[in-house]
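Based on the provided sequences and hints, a complete structural model is requested.
So the protein lines, in turn, are chains D and E. According to this note's numbering, the stretch in the first sequence is residues 1 to 980, in order. According to this note's numbering, the stretch in the second sequence is residues 1 to 275, in order.
I should point out that these hints are in silico values taken from the structure, not numbers from a laboratory. Virtual Cβ for every residue (Gly too), placed ideally from N, Cα, C. A few of these clues could be false.
[Said to hold, decoys possible] Some chain E residues flagged as far from chain D (calculated, every beta-carbon gap over 10 Å):
#, residue
1, A45
2, E150
3, S157
4, D247
[Stated by the list, open to error] FRET-style restraints, in silico, Cβ to Cβ:
#, chain 1, residue 1, chain 2, residue 2, range
5, E, E256, D, R137, 32 to 38 Å
6, E, V193, D, G95, 43 to 49 Å
7, D, T81, E, T35, 28 to 34 Å
8, E, E256, D, Q48, 53 to 59 Å
9, D, G95, E, E256, 40 to 46 Å
10, E, T35, D, G95, 28 to 34 Å
11, D, T81, E, K188, 55 to 61 Å
12, E, T35, D, R137, 17 to 23 Å
13, D, R137, E, K188, 24 to 30 Å
14, E, E242, D, R137, 21 to 27 Å
15, D, T47, E, D223, 46 to 52 Å
16, D, Q48, E, T35, 29 to 35 Å
17, E, T35, D, A40, 40 to 46 Å
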Amino acid sequence: MKRMYPWQTVRGRLLFLAVGLEVLMLTVLIINSIRLLHSAMSSQVQTQAQQFSPVLIAALTAPLAARDYATMQAVVDESRTKGGLDYIVVVDRYGHRLAANGWPAEMPLPELSKELSLLETGEDPRYDVIVPIEFQRQSLGELHFGVNLSQIVHARKVLLLQGVGIAAIEIFLSSLILLFLGFWLTRHMKSLTQASLEVAAGNLSPPRVPEGNDDVGRLGAAFNIMSRVIAERVNELTVAKEIAEASEAQLRGITHSANDAILMMDPQGAITYWNPAAERILGYRSEEALGHNLHNLLVPERYLAVHREVYPEFLRTGRGNAMGKTLEVFARRKGGQEIAVALSLSAVFLYGAWHAVGILRDITVLKQHERELEQAREAAEAASRAKTEFLANMSHEIRTPMNAIIGMSYLALQSDLTSKQREQITYLHNAAESLIGIINQILDFSKIEAGKMTLEQAPFVLKDTLDEIIRLLKPQLDEKSLELQYEGEDGVLAQDAPLLLGDALRLRQVLINLLSNAAKFTQEGFVRLGVTSCTTDNTLRVVFSVQDSGIGMSAEQMSRLFEEFTQADASTTRQYGGTGLGMAIAGKLIALMGGRIDVKSQLGQGSCFTVEIPFEVALVGQAPLRERRQRIENYDALRGIRVLLVEDNPVNRLLAVEILAKKGVVTDIAENGEEAIRKLQSLPPETFRAMLLDLQMPVLDGYETSRIIRSDPKFDALPIIALSAHVMSFEKERCRQLGMNGYINKPFSPEELWTTLVRAMRKDETGRAVSSLQPVRESLQSMTELGINGVNLSAGIKRAGGDGTLYAKIVEEVLDNFASGCEDLLEFAVHKDSKSGQALAHELRGVLGALGAEALENALASIEEIFSNGADPCGQIQALVSPYADLMAALRGYLGTTGKAPEPAGNQPHQESPVKDVTWLEALADHLGKGNFEAIEMWERNKILLGNHFTPAELAQINRALQQFDFACALECLLNRAER
Amino acid sequence: MKRFYPAIVFVLLLLSTGIASAGEDVLVIGVAPHTSPRVILEMYAPLRLHMEKTLGMPVEIVTAPNFDIFAQRGLAQEFDLAVTTGHQARLFQKDAHYIPLLTYKADFKSVALVSAKGTIKEPSDLKGKDVLGLSPASLVTLWGQHWLAENQVAPKSIKYVSASDSVAQLLISGDATAGFTSLANFQKLDQGVRDQLRILAESKPMVGRVYLLNNRRAAMQKDIEAALWGFAETPEAKTYFETNKLDGYRALKPHEMDEMDVYADETRKLLGNVQ
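Rendered as structure tokens:
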């Protein structure tokens, strides 16, 4: 080991430091003492001089004034002997020496000492003082004297020498003590040094060094611990190194064998890692890539601008939009060829900076496959579009002749026929209806399969829908004398049950399908429809159960139940008929509605289908009152109006003209759009109340015709109703966009045609149609005279199209749904729910306006406006509570007087004994006898009143006859019963 | 000795001229040592300052250890302006050609004091007694000696003391029978002291301290006289006059100085003895 000099050891350095510090401090101490001593001595000398001067001057003033030289000399002599002064000289104001002692006469007087110096200069130290002698501001002369400083200088010298001597002794003794102390304190350092050297030489377990409680002892203990920990840590590191090497070898093996290129880039953009796959994919050998700028090498120029923009952020944070993602980009191979790669980027923090790691996968082949797939998909979509168009065309092509068949058979049935002919034509009509049903099923299925089936989301009353289903199914059940059990919990079917949002039409389709099947496959016993519900948040889950006592199904049959084109077995098809699509469509519709269907059945034990469908609960203000009003149409508005029918097909023209004529509609004909436009232009705009427009025509089709008409403002008020055999939903939307007001599918039923026509006219205005119904108005006069307090009954019935039955139903609806309307309004106002309050006020205003309650209508308009302004309408509403209650009472009284379904004179059934109401029955019989379609409507409105007087079988027979437009059969049945 | 007197005076004159010429031109005012030098410097400081201001030159007040030396220095022309007793003034006028300028309005009187409790009633009672005087060359002493001679009294001895209060204390203590001092100084004594004394004799009014201008400053006579008269009008001068009961300056009457001849001669004689 190299020999250490004393100043290289801790001991030596501490000793040098301590001694140096002590020397410094003692020097400072001595210098300061000498300085203070000098200052004190100087001050003392100056004080002595200052004290001495006045005394001497006082003694000299009088002799000087008197020029008493002897006295002056005596004073001077005496003062010098006692004053410790070297000399005293008195001069007059002219500089003449008047008295002197101690200073040779021949020597010039010394100058005044500028400072008092106690340093040895080789001469006698002296402090020369010159003091002017003045009295009464009269200068008398000067006093010169020199203070002898020899003793002070000597004393200072002695003090300095003594101080230095004491300091030297102290330093010597301190050094000895420190040296000894250093040796004693660091006695173990040598062994510690030796042990450290051994550790440095590789011996990680050196002999233990002495330990103790002092610093060095603790250092030794710490060294022992450290050497032990180092040994352990080295062992761990050795193991870790081996693991790391193994891991690195493993990683290298993985990256070398990887099929993806793996690259790493340092912050300067230089490539720092390049695996063999990178060589293969990108074409550069490792030595060609490493160290080169990655972007210059691999990145196409079009990416560089983006890279320059985001790279600083990556360098700063290690983050970027592309980090952690897989991007499909292009990379440039050696030679400049670009290849598609999937690039996964990640960031690694190495050596204090962010490095980017990229994994590139050559996706050239994959992209080729994707392109092929895309082409295949486009081809499939094209095929799908072709299929859709084919279906649309097929639908059109099939439905157009079917329209003729059904319509014409209907018209034929209205004419005088032999029973054989009627039977044959009835078969024809029923077969056509059945065929249309099958076609509709196929089209529904096609739409579902094509994903084009869309469900409506509109408010509806579940009870109404179910009632209607029951009404439609009743004849079928009655025909087989099956018992219909209809059970529903109050929460769902009560009058105040919440409105639901959903597609009531499709729900009806599902349930009709289930119930029809139940009826079809049940020979005797019952068919039961049950309804329960449970509420979750704003969703009402309604569970419908359709149970029958029919033939049931085996497990195998149930497993194929919802497969398309499948029935239980071939014999089933033969025995019961059907396409095998009904259950499949029902299942898919239920799925579309977010519901599910289960079935439990055993052969011969009947079946039970359970359908659970979630519905949202409609908000207040979404009541479907208008829809319900619209479902009950009054075709009287059609009588006498003039419409323009644009149809190229002569059969359909004839059919439509005949159907319209049944309601008194005068029809003008045009065979194509061009001819229609010519007719419109040649006549006053108000000539036609509506236009029925076929969409597919030669010369000028319906679309273009509608566009041209709608471009002329004078025909804005003319309702246009499309006639089409297309059933695709986009056709309806297209018609709406072209400004058409209605849409009728071919084949259409008379009701569809009449109803659509009435509705389209309402959308325009109802006044003109109603005004033409003068006879109806007159017939209502008697009912109007009944009067309702606060209600303009005449105006109300007029708004109901002159339909007293409709008016009464509206009254009933109002009482059912809005009896507490005013209280509800007040509650909204109290809870500051302006939105709901405004909606309810709006609805009440419309409802009461429809009734003719004009005063309340105006008041509610004001309240609606207050709600819309966000103000507080409580006062106004409270003022309305009493009149509103009075109105409700009056309406109840009105219903009690008129019955629930009041009709204008001539149509009014008799509540107590409708059968005995000869007027009503005669009118019905008259309509039936004339083949008037009003007979169907009249029957539908009033048949419920006949339940106690007709057997179910009789009612079913009349129903079936009317559904088949067999008015003669219906009349016969009716007359037979009447006769009894 | 008298032969050398002019020579001494001449040497001193040269010396003083040399001294003066060695420095700036200073107007030296010599004041007879009628009191201590410090009092003289203090008493004449206002006059000095006024003269410096008026004449535009430095002015120095000097005195002498005693009247003899003062007289010698005056005769030696050491003073530009001398302020001294009438008899010395006459001496300076006659022997050193000083020009008398003015004197104080208040009369100067010498008095012979005895103890109020004593038995001395007449001048003749002083025969064979110890008598006190101030300086032998002082006017009061010379007057007293002259008064004793006129009354044909031969005292036992005449002792000289430095100040009037010493005279008073020695008389009260009985160490002397009579003493001579000026009336003004007697009046300055404390009332208690004065009550124990009695004025045995009082001289006729005599000229007091006289301001004399050295003849070499004759050219400045008007300026100096004007400065002196100007000083008399200052508050400091009035205070000075009032404090010392001098009443102010007045011009010398014609032949007023002649009365001092007898005392001047005596003084000259004394000075001759001293020298």
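Hint check:
1. Non-interface status of E:A45 relative to chain D is broken: a Cβ of that chain comes within 10 Å, the nearest being about 4 Å off.
2. Against chain D, the non-interface label of E:E150 holds: every CB pair exceeds 10 Å, the least being about 34 Å.
3. Separation of E:S157 from chain D is adequate, the least Cβ-Cβ distance of about 27 Å exceeding the 10 Å criterion.
4. With a cut of 10 Å on Cβ distances, E:D247 stays outside the contact zone with chain D, its closest approach being about 24 Å.
5. In this structure the hint that E:E256 and D:R137 lie 32 to 38 Å apart at CB holds, the actual value being about 35 Å.
6. Between E:V193 and D:G95 the beta carbons are some 45 Å apart, a value that agrees with the proposed interval 43 to 49 Å.
7. For D:T81 and E:T35, the Cβ-Cβ distance of about 31 Å falls inside the hinted range of 28 to 34 Å, so the restraint holds.
8. Under the hint 53 to 59 Å, the C-beta atoms of E:E256 and D:Q48, about 56 Å apart, fit the expected range.
9. At about 42 Å, the beta-carbon gap between D:G95 and E:E256 stays in the expected band of 40 to 46 Å.
10. At about 29 Å, the beta-carbon gap between E:T35 and D:G95 stays in the expected band of 28 to 34 Å.
11. Range check, D:T81 to E:K188: about 39 Å between beta-carbon atoms, so the 55 to 61 Å window is missed.
12. Our hint of 17 to 23 Å for E:T35 and D:R137 holds, since their Cβ atoms are close to 19 Å apart.
13. For D:R137 and E:K188, the hinted distance range of 24 to 30 Å is satisfied, since their beta carbons lie about 26 Å from each other.
14. Checking the proposed 21 to 27 Å range against E:E242 and D:R137 shows it holds: the Cβ atoms sit about 23 Å from each other.
15. Against the hinted window of 46 to 52 Å, the Cβ-Cβ separation of D:T47 and E:D223 comes to about 48 Å, which satisfies the hint.
16. Against the hinted window of 29 to 35 Å, the Cβ-Cβ separation of D:Q48 and E:T35 comes to about 34 Å, which satisfies the hint.
17. Hint check: E:T35 to D:A40, Cβ distance near 45 Å, so the stated range 40 to 46 Å holds.
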